[in-house]
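In order, the protein sequence lines correspond to chains X and U. Terminal number for the first sequence in my numbering: 82, no gaps in between. Terminal number for the second sequence in my numbering: 118, no gaps in between.
Treat the hints with caution; some may be incorrect.
As the list claims (entries may be wrong) - In silico lysine-lysine, DSBU-like type, Cα no more than 30 Å apart, as pairs:
{"hint": "1", "chain 1": "U", "residue 1": "K117", "chain 2": "X", "residue 2": "K64"}
{"hint": "2", "chain 1": "U", "residue 1": "K48", "chain 2": "U", "residue 2": "K29"}
{"hint": "3", "chain 1": "X", "residue 1": "K42", "chain 2": "U", "residue 2": "K82"}
Claimed, not checked - Computed from the model, here is a short list of chain U residues facing chain X with C-beta under 7 Å:
{"hint": "4", "residue": "M27"}
{"hint": "5", "residue": "L30"}
{"hint": "6", "residue": "I32"}
{"hint": "7", "residue": "L40"}
{"hint": "8", "residue": "N43"}
{"hint": "9", "residue": "K48"}
{"hint": "10", "residue": "A50"}
{"hint": "11", "residue": "E66"}
{"hint": "12", "residue": "V68"}
{"hint": "13", "residue": "E69"}
{"hint": "14", "residue": "V95"}
{"hint": "15", "residue": "V97"}
{"hint": "16", "residue": "K100"}
{"hint": "17", "residue": "R101"}
{"hint": "18", "residue": "V107"}
Everything labelled a hint here was simulated from the structure, so no lab data went into it. Every residue gets a Cβ at the ideal spot worked out from N, C-alpha and C, and that includes glycine.
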Amino acid sequence: MTKIEIVANLYEKLGYSKRDCANIVDTFFQIIKDTLAKDENVKISGFGNFIIKTKKERRGRNPQTGEEIKISERKVLNFRLSQVFKEEINSKK
Amino acid sequence: MNKLDIVNKLASDLGLNQKIAKIAVDTIIDSIKKAIIEGERVEIRGFGSFTVRNYKGYKGRNPKTGEVVEVNPKRLPYFKVGKELKDMIWKG
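The whole structure should be built from the sequences, with the hints applied where relevant.
Dropping the structure here:
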């Protein structure tokens, strides 16, 4: 599934033009992206949480050369599934 | 930020009324959930993709009591961050 199907579902539900629906879907994802870019977590009840984690600087090795290198501090995005949604996925037979 | 905050921001950004914005947010989330429940891959360009992974059942242990428990096979979605979002987070 891609954005096109989501837009189609919204079009059916709201009866707005496809263009307006596409705009709503784009804005929705933009809001989440902008929030995460500011290091703020996004929690969607019944779905899951998008959590920013900061990974400390650490030492690693280049697996090809064995050379020791410093891996700089970095931020990663984690998705934590909601317990409710987890059960919904696994109760479906 | 939670779902209500997203609804409010969506309403103010696009000049929609609150009720419509809530229906929109619910519809978008439900669409994604439905696809995942069906085992379908969901890809949102610039944001990321959800794929469903199957895990086999195994015998585990309750770490507190040491008791052997049967862990049933399960399906879990995995989220992979899209390149654009990854860069946004990276650069702050």
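Verification of the hints:
no., hint, result
1, K117(U) <-> K64(X), "holds (9 Å)"
2, K48(U) <-> K29(U), "holds (9 Å)"
3, K42(X) <-> K82(U), "holds (28 Å)"
4, M27, "holds (5 Å)"
5, L30, "violated (9 Å)"
6, I32, "holds (6 Å)"
7, L40, "holds (6 Å)"
8, N43, "violated (12 Å)"
9, K48, "violated (11 Å)"
10, A50, "holds (5 Å)"
11, E66, "holds (5 Å)"
12, V68, "holds (5 Å)"
13, E69, "holds (5 Å)"
14, V95, "violated (16 Å)"
15, V97, "violated (12 Å)"
16, K100, "holds (5 Å)"
17, R101, "holds (6 Å)"
18, V107, "holds (5 Å)"
The structure fails hints 5, 8, 9, 14 and 15 (numbered hints given earlier, in ascending order).
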